[in-house]
Every structure is written in structure tokens, then in C-alpha cells.
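Using the sequences and the accompanying hints, generate a full structural model.
Each protein sequence line maps, in turn, to chains X and S. Following the numbering used here, the numbering of the first sequence begins with 4 at its first residue and continues without gaps. Following the numbering used here, the numbering of the second sequence begins with 489 at its first residue and continues without gaps.
One or more hints might be untrue.
[What the hints assert, rightly or not] Label-pair distances were calculated between CB atoms; the ranges are:
1. PRO563/S with LYS12/X: 33 to 39 Å
2. GLU87/X with LYS497/S: 20 to 26 Å
3. SER68/X with PRO506/S: 43 to 49 Å
4. THR19/X with THR548/S: 50 to 56 Å
5. SER514/S with LYS41/X: 19 to 25 Å
6. LYS497/S with ASN60/X: 28 to 34 Å
7. PHE502/S with ALA83/X: 47 to 53 Å
[Unchecked claim] Which chain X residues stay away from chain S? Per the calculated CB distances, all over 10 Å, these:
8. THR10
9. ASN60
10. SER62
11. SER68
12. PRO69
13. PRO72
14. ALA83
15. GLU87
16. THR117
Hints listed in this document are in silico derivations from the structure and should not be mistaken for laboratory results. C-beta atoms are modelled at their ideal positions from N, C-alpha and C, and glycine is treated no differently.
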Amino acid sequence: DTEVTQTPKHLVMGMTNKKSLKCEQHMGHRAMYWYKQKAKKPPELMFVYSYEKLSINESVPSRFSPECPNSSLLNLHLHALQPEDSALYLCASSQDLPGGGKDTQYFGPGTRLTVL
Amino acid sequence: AQRVTQPEKLLSVFKGAPVELKCNYSYSGSPELFWYVQYSRQRLQLLLRHISRESIKGFTADLNKGETSFHLKKPFAQEEDSAMYYCALSPRTSGSRLTFGEGTQLTVNP
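Written as C-alpha cells, this is what we have:
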């Protein structure tokens with residue numbers, strides 16, 4: 004399996020809902036990432052997990068809560084979102100390089116989130 | 489701080505014409521440079537990375553450290569090359585913090 008998968012493909016939620024986005028990879032990668040991408044803009048890094056530990060949080064509001072239950076899974080829990088949070092949420096993964104550092108990031112297809 | 493600049497938001501060429509998508513970067517250390525492509529309704533996918541020095545789908549890119557550039561080139565554009573292209577940089581020592589340029593939307597006209 005050489006792909007990153009994400010579910011659901013589309014999600015519509017109200018501002019009071021609680022929902023979760025899921026990401027899975029079986030490539031043995033130990034780094035996983037969440038990005039937010041607005042239309043016609045580049046992806047913006049939100050979180051990085053390395054060996055199931057949160058290593059980077061790009062000052063993301065607490066209404067986004069990441070979780071890495073194991074090395075293959077990454078979740079993004081959503082609560083009390085705002086309409087401006089509507090975007091494509093991308094997951095990515097990468098493997099470690101000898102001597103440190105991370106290899107190329109491979110991206111999932113994304114979840115298109117609409118907040119009403 | 490690391491920064492990637494793609495000066496052209498939109499680029500339009502005719503089929504069979506050469507195409508060059510520009511990318512300039514600023515980073516004080518030793519960077520690793522990538523080109524990612526996003527076709528309509530498809531996932532973001534790696535096109536090239538500078539350390540592999542390979543040609544993918546006829547595209548090449550050379551890292552010019554003197555000019556801090558990593559321009560993407562193809563001698564003869566095809567209609568199926570129409571897509572959004574992002575240049576990206578990560579520090580070679582860590583690789584976690586991938587910084588993207590704003591992207592260039594390439595349209596290849598018949």
C-alpha cells in the first residue's frame with residue numbers, strides 16, 4: 004500500500020457540531036502531517052507528528068485537536084468551527100532519513116470541509 | 489526563516505511550446521527543493537526533488553544556489569500538463585517544515 008487515505012471525502016458541519024477527520028497510511032512512515040488548503044492557495048502546515056508525538060503546532064486554534072493513536076493513523080478532531088475554517092484538509096506522511104531529517108512528503112486526497 | 493517565491497500566478501502556453509515555471513527561494517542553510525503538482529480534482533503529488541536529478545513527464549529542474557532558484561522546465565508542453573504547480577522547500581536537516589510557494593496555474597492550450 005503506497006497511498007495516504009483520508010475519510011470522509013466531504014464533510015458539512017454546523018458551528019456547534021463535533022466531527023473528526025481521519026488519515027491512514029501503511030507505508031511505515033513515522034511522520035504524519037495535517038495541512039489546510041484554501042482554494043487556489045498553497046497548503047499551510049497545521050501539525051506534525053513524529054513517532055506518534057506532536058512535534059510541531061503552527062499556532063492552530065484549539066478548536067482543531069489532532070490525535071495520533073498509532074503510527075498508521077492520524078485524526079483531526081473538530082469542534083465549534085467557524086465558517087472561515089471551510090477548506091480542504093490534507094494529510095501527509097514521510098519516512099525518516101538516515102542521519103536525521105524527513106524524506107519526501109506524500110499527500111492524501113484531502114477532506115473538503117464546509118462549515119455552515 | 490524560509491521563503492519560496494513563484495512570481496507567476498498564471499502561465500499560459502500553446503501545446504508544443506517550451507515552458508518554464510519560476511521558483512526562487514530564501515533560506516540560510518542547506519535546503520531541499522521540490523516541485524509538487526496538483527491536477528484538477530486530484531491529490532497533490534510530487535513531481536521532482538532536486539537531489540534525485542531525474543526527469544519526470546519531461547520536466548526537469550536544476551538547483552542554482554548562486555541565484556537561489558529552482559525553475560521547472562519542459563521543452564514541449566502537452567495539454568495534460570495543465571495543472572497547479574507548487575515549488576516547496578524544506579531544511580535538509582529536519583525536513584518536517586515544508587514551505588510552499590503560492591503556486592503557478594499552468595494552462596496549455598491546443
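> For the pair PRO563/S and LYS12/X, does the Cβ-Cβ distance stay inside 33 to 39 Å?
Replying inline: 37 Å Cβ-Cβ, so the 33 to 39 Å window holds.
> Are all beta-carbon distances from GLU87/X to chain S longer than 10 Å?
Replying inline: 19 Å, holds
> Is it correct that the beta-carbon of THR10/X has no partner in chain S closer than or equal to 10 Å?
Replying inline: Per Cβ check, THR10/X is outside 10 Å of chain S; nearest 14 Å; holds.
> Would ASN60/X pass as off the interface with chain S, using Cβ distances and a cut of 10 Å?
Replying inline: The claim stands: ASN60/X keeps its Cβ more than 10 Å from every Cβ of chain S (closest is about 12 Å).
> Using the C-beta atoms of GLU87/X and LYS497/S, is the stated range 20 to 26 Å upheld?
Replying inline: 22 Å, holds
> Taking 10 Å as the cut and beta carbons as the points, is PRO69/X off the interface with chain S?
Replying inline: 14 Å, holds
> Honestly, do SER68/X and PRO506/S meet the 43 to 49 Å range at C-beta?
Replying inline: 48 Å, holds
> Just checking, SER62/X versus chain S, shortest CB gap more than 10 Å?
Replying inline: 13 Å, holds
> Would the least Cβ to Cβ distance between PRO72/X and chain S come out above 10 Å?
Replying inline: Given a closest Cβ separation of 20 Å, the condition holds.
> SER514/S and LYS41/X, beta-carbon distance inside 19 to 25 Å?
Replying inline: 24 Å, holds
> In this structure, is the beta-carbon distance linking PHE502/S and ALA83/X contained in 47 to 53 Å?
Replying inline: The hint (47 to 53 Å, Cβ to Cβ) holds, given that PHE502/S and ALA83/X are roughly 50 Å apart.
> Beyond 10 Å from chain S, beta-carbon-wise, is SER68/X?
Replying inline: Non-interface label stands for SER68/X: nearest chain S Cβ at 20 Å, farther than 10 Å.
In terms of the numbered hints stated before, the structure departs from none.
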